[in-house]
Amino acid sequence: MDTLVTIEVLGAGAPGAEQAIDRALGWFREIEARCTRFDPGSELRLLCAQPGRPIAVSPLLFRVVEFAVSVAEATGGAFDPTVGALLARTGFDRNYATGVREPCPAESTRSVTYKAVILDGERQTIELGEPLVLDLGAIAKGFAIDLAMAELSEFESAAVEAGGDLRVRGLNAEGRSWRVGIRHPRHAGTLAEVVALSDAAICTSADDERVTADGHHIFEPQGRRSARGVASSTVIAPTAMAADAFATAAFVLGPVAGIAFLEKQGVEGMLVTPALERFATKGFARFTR
Amino acid sequence: MGLIALSSAAIASVYAVGYVNSSADESAVPSAVVAAAATAPQVRANPDVAGRQPAAAPSASAVGASYRDGTYVATGTSRHGNIEATVVVTNGQVVSAQISNCQTRYPCSKISSLPPQVVARQSVTVNRVSGSTDSSNAYLAAVGSALAKAKAAA
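Here the protein sequences come in this chain order: W and L. Read left to right, the first sequence gives residues 731 to 1019 (my numbering). Read left to right, the second sequence gives residues 155 to 308 (my numbering).
Since the hints were made in silico from the structure, they are not lab data. Note that beta-carbon positions come from the ideal geometry of N, C-alpha and C, so glycine has one too. Incorrect hints may have been included.
With beta-carbon atoms standing in for the labels, derived distance ranges [claimed, not checked]:
id	chain 1	residue 1	chain 2	residue 2	range
1	L	Gln247	W	Ala744	28 to 36 Å
2	W	Glu803	L	Arg259	34 to 42 Å
3	L	Thr279	W	Ala779	22 to 30 Å
4	W	Lys994	L	Ser263	23 to 31 Å
Residues from chain L that face chain W, not an exhaustive set, calculated with beta carbons under 7 Å [stated by the list, open to error]:
id	residue
5	Leu157
6	Ile158
7	Ser162
8	Ala164
9	Val168
10	Tyr169
11	Val171
12	Tyr173
13	Val242
14	Asn245
15	Val249
16	Val283
Chain W extracted, bound-state conformation:
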């Protein structure tokens, strides 16, 4: 993961503290080895190389894909871990149903969706019904944060941050809730909001970071333009994996449907539109004061 990971704990001098932190960091390496789509040797890529039949996968990969597909189902595909356009460019331009080679589509005309991902929880297999690539980048990073936090259970207080995703437990060194700034989507260097958190994860997806060096974007999977209605999407949830997936989902769903989705899931969030109008869940204000 070419992302800076920061771990902060209270009581770092305690016996075993260093080992616990190293184990926590180890999860980022483990997730990277299994879930990246940029390494041909990753478990994810090996899975994507074998469409059309059930492939036994590790518990880790299974759980991440299971969660991604579940969020896709719950959002009607607003969040969708499958990537089709990339495949077209890399030569998977054969119509899987007919076997007829089609001209390489200029853009994402193929309609690959999460529905092509078939999970078997009993056998712990994943079958890709048609050739596709899964992009687990963001939620896998959230999952690594969650697993790292699990390794730090011996500390009364801890914070794990990676690429703008953050999860905290307990109180900070000053004995207060952790203060977390939400970057303003338009005014560089300023904050849109500051929230006080304890025992929660927070993630912000913003349009100003849609295209980065490694090609990560927030897709609008169904060709909808609704993602244009949001400049910044912030979600506070019990787990970083959920916060990450929900922030992306709410971003794509737009201000109204996005907030409705977050409230239905029982989490809090705030969406800022390009006109800097704010939409928030009913409970969000208790974090800002």
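With chain W fixed as given, assemble chain L onto it according to the hints.
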């Protein structure tokens, strides 16, 4: 199951399994399984050290146990010296996996977190100790060899 509960369940189940990627000076030994194979010639297993009756084995396997009861001793090597592990199997379960002889240049107290993990997870798939990768590998190789003997005897 709601999505939040699903994500929490995912964390709990994956954390329980642990990870195999070691950190720090991960050298030529990618996993304990490989290390166990490499040190196999040095294994000495003493299945009946504890004096248990071999006849107890069938009843143990009847409840789904995969290891035969007994005490198994094996050695794992590292460039810093050898580690001997003594694995005790009772009712088909690993009940202890102590470091019974530490001949490494560094104190084995550095990897004292590993034996409880082997017992808790009933396998060598544990979180290694960063900075003590060689010692971790040697210990896990020893346990892997001992468990291989316990399995073969079942």
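Hint check results:
no.	hint	result
1	L:Gln247 / W:Ala744: 28 to 36 Å	32 Å, holds
2	W:Glu803 / L:Arg259: 34 to 42 Å	55 Å, violated
3	L:Thr279 / W:Ala779: 22 to 30 Å	25 Å, holds
4	W:Lys994 / L:Ser263: 23 to 31 Å	51 Å, violated
5	Leu157	6 Å, holds
6	Ile158	5 Å, holds
7	Ser162	6 Å, holds
8	Ala164	4 Å, holds
9	Val168	5 Å, holds
10	Tyr169	5 Å, holds
11	Val171	5 Å, holds
12	Tyr173	4 Å, holds
13	Val242	25 Å, violated
14	Asn245	26 Å, violated
15	Val249	24 Å, violated
16	Val283	5 Å, holds
Violated hints, in rising order: 2, 4, 13, 14, 15; the structure is consistent with all others.
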